[in-house]
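Q: Take a look at the letters that make up each chain.
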Amino acid sequence: MEIPVIRNILEANDRISEQLRNMFRQMHILTLNLMSSPGSGKTTLLERTLTDLKEEFTMAVIEGDVMTSNDAKRVAATGAQALQINTDGGCHLDSSMVLQACNQMQLDDTDILFVENVGNLVCPAEFEVGEDYKVTILSVTEGDDKPEKYPLMFAESKVMILNKIDLLPYVDFSLERATRFASQLNKDIKVFPVSARTGEGMDAWYEWLRQEVATKKA
Amino acid sequence: MHELSIAEGLLDIIKEEMAKNNVTKLLSIKIVHGQMASVVPEALDMAFKALTVDTPMEGVRLEMEEIPTRVRCCQCKLEFSPVEDDIYLMTCPQCGAELGHEILSGKELYIESIEAE
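Sequences listed follow chains A and B, in order.
Note that UniProt numbering has the first sequence beginning at 1, numbered continuously upward.
Note that UniProt numbering has the second sequence beginning at 1, numbered continuously upward.
So that you can see chain B by itself, here it is in the shape it has in the complex:
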């Protein structure tokens, strides 16, 4: 249930950004999460609903985009995305090296934009 803490962080940022931009009605939120951030979209959606019930933000749409893990091999420098059941060892398809690769993407967890009026 770390999604509840994530939803709280989300709300704080949104309130700040809305005040800064002088808007009062929130329509939707776009969130980008990397595969390695292990966010469960359904759980985040549920946590956000629970925190906003009976508030003006109730019913706001959460759009979530997952960024796949992308690494550069520590041995042969090949850039690749690890296959589904190998996301921790990350065996290089070219030279077989495991672990210690440079992570290019997949750890993201941020709000990209909000739509409001």
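Looking at chain A on its own, in the form it has when it is part of the complex:
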């Protein structure tokens, strides 16, 4: 016999994501889902952000990687609370992993929770993890055609950080071209060209974080 079902296949993920979102709302925690390719400098960007803003905010990090806890160790060295999730081969974090991680963390008084997703420009965009916003990090060594080639990630992101701008003289990367593609996919996207290594451009990113934390607390 035929049994009608009509159920959203990702409903389990969406349900837990909504539960997380409610929890973060009540706790006034700004939650950002950081996504990028491997090697874009996500962890370096986080290390610098956690160090530069540590007097201002209490921040915590959930680190998603296929293997190893190297990144959590780097992040914890800044003094921030960090928890590693290993997906053991999985290409993205999902909301149940983030919920489990949150249960093991002390998030009271946290202002910002960064969820560093598995390095991958495709799958993480499909799975909400209770975040306020998705932030995509693209480094200039990867090529300015990435927004065009991986549109979903950029279309869903509130912020695009263009990292490693200190290397611009050595690569054929047009900031204008990458920005134009990303804005075509998502006309409200905010673009911050930075070098997490030298610190150039980081102030604009920090200013955005300050505004969003204030909004979340209002």
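No lab work stands behind these hints: they were computed from the structure.
Keep in mind that this is a model prediction, so the values were computed, not measured.
Hints may contain errors.
[What the hints assert, rightly or not] Computed from the model, here is a short list of chain A residues facing chain B with C-beta under 7 Å:
| no. | residue |
| --- | --- |
| 1 | Glu2 |
| 2 | Ile3 |
| 3 | Pro4 |
| 4 | Val5 |
| 5 | Ile6 |
| 6 | Arg7 |
| 7 | Asn8 |
| 8 | Ile9 |
| 9 | Leu10 |
| 10 | Ala12 |
| 11 | Cys123 |
| 12 | Glu126 |
| 13 | Pro151 |
| 14 | Gln184 |
| 15 | Leu185 |
| 16 | Lys187 |
No residue lacks a Cβ here, since even glycine has one placed at the ideal position from N, Cα and C.
Starting from the known structure of chain A, fit chain B onto it as the hints suggest.
A: Leaving out everything else, chain B in the frame of chain A:
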């Protein structure tokens, strides 16, 4: 490979529905996926096979129906389906407006029905 997570979600729902309807033998599953849900049917089929090998569900047929993207223009309100290589900008064929259109269909990802006995 997000198809593997989709296949896992699929299995959970099917097991629940089969128990609810008192059936034990699954014959086929009908899945509806919108063009914007970016599901690769072959990859989903492979993921489902991998998860059900050596189980009673091995060999069950997955029928997949793709729903094309359909939007209403944010400027002139024309309803249209964007052409193949323009599914993200979605240039309106009547007034040329891009982006920000109201999405009428194309984001679906659900199980429509199962056949079981």
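Q: Which of the numbered hints above does this structure break?
A: none
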